[in-house]
Amino acid sequence: MAEDNAYNSNLTLDEIVFENRNKAYGAYDLRTNYRSVLTKSFIFGTILFLVAALTPFVIMKIQEMNAKESTEVNANLIDIIEEEPIIEEIKEEEPPPPPPPPKEEPKQEIIQNVVPEPVKAPKVETPPPPITKQLETTTGLVNQEGVKTPTYAPPPPPPGPTRSTTVEVKPQVSETQVYTEVEQLAEFPGGINSFRSKVQNSFDGSVMDGDEGTVRTEITFVVERDGTITDVKANGSNRDFNAEAIRTVKSIKNKWAPAKINGQAVRYRFRMPLTMQFE
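At position 13 of the sequence shown the residue is numbered 13 (my numbering), and the sequence of numbers has no breaks.
Simulated from the structure, these hints should not be mistaken for lab results.
Remember, it's a predicted structure, so these values are computed and weren't measured experimentally.
Treat the hints with caution; some may be incorrect.
Said to hold, decoys possible - With beta-carbon atoms standing in for the labels, derived distance ranges:
| id | residue 1 | residue 2 | range |
| --- | --- | --- | --- |
| 1 | Thr32 | Ile59 | 18 to 26 Å |
| 2 | Leu38 | Met60 | 17 to 25 Å |
| 3 | Val173 | Asp240 | 18 to 26 Å |
| 4 | Leu38 | Ala67 | 42 to 50 Å |
| 5 | Ser197 | Val232 | 36 to 44 Å |
| 6 | Asn33 | Val58 | 32 to 40 Å |
| 7 | Glu279 | Glu187 | 32 to 40 Å |
| 8 | Met60 | Thr32 | 44 to 52 Å |
| 9 | Val232 | Lys107 | 18 to 26 Å |
| 10 | Val173 | Gly205 | 35 to 43 Å |
| 11 | Val173 | Arg239 | 33 to 41 Å |
Idealized CB from N, CA, C, for every residue including glycine.
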């Protein structure tokens, strides 16, 4: 018994720890198989790592082995170009330049001269000349050729400094003077034809009983700065006709647009010839 109870020095640590215990318990099995499991795991992991590392290299080698060999073509292009003859292109002949256009001779000026058929002469009333013509010479009842004598001449400019300068001098405008030459004529609303129509429609022809034929006169009046008319006169040869013409002009109450010089309204003497036919 002594020998059976003697300590067995060949026992492992696991056998000593689990002596007299249930060795079928999983912990004893894990401790006894630990080294073999670790060795197998290391070997399996190494093999797996080598497979993963060498797989791309093996695939690349397989692709290189299966790739078709490239065919090299050695074309000596330089020799071919030198051996071929150079053919010059034949240039097409350029067409000759077009001839210059013929010179056109200057046309002679021709004024149409057609004799009109004789017709009954209509009644013509001479309208007042434009302001540019009135400023060039003196106005009157009839036209007359001669030397032009302007009715208005601007005063000379005042002496300035020694240095040459251009000074525009505007004439002085009077509020009381009656002008016959202005920059902007007095104008009746609707124009001079509207004023003539009003005169003809308002004229009382009964004052001319017994007088037949054509009667003429010239009516003059002053268009004031506010557009009213004053100083109405008629200088024809028939007194009755003159009186009725004056009355007719005074009866027209429409205000005129006043005449202007340098943009300022001035008093302006207006002249209007009047001709009527009585039967």
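Consistency of the hints with the structure:
no.: 1; hint: Thr32 to Ile59: 18 to 26 Å; result: violated, 43 Å
no.: 2; hint: Leu38 to Met60: 17 to 25 Å; result: violated, 35 Å
no.: 3; hint: Val173 to Asp240: 18 to 26 Å; result: violated, 39 Å
no.: 4; hint: Leu38 to Ala67: 42 to 50 Å; result: holds, 45 Å
no.: 5; hint: Ser197 to Val232: 36 to 44 Å; result: violated, 18 Å
no.: 6; hint: Asn33 to Val58: 32 to 40 Å; result: holds, 35 Å
no.: 7; hint: Glu279 to Glu187: 32 to 40 Å; result: holds, 34 Å
no.: 8; hint: Met60 to Thr32: 44 to 52 Å; result: holds, 46 Å
no.: 9; hint: Val232 to Lys107: 18 to 26 Å; result: violated, 56 Å
no.: 10; hint: Val173 to Gly205: 35 to 43 Å; result: holds, 41 Å
no.: 11; hint: Val173 to Arg239: 33 to 41 Å; result: holds, 37 Å
Of the numbered hints stated above, those contradicted by the structure are hints 1, 2, 3, 5 and 9, listed in ascending order.
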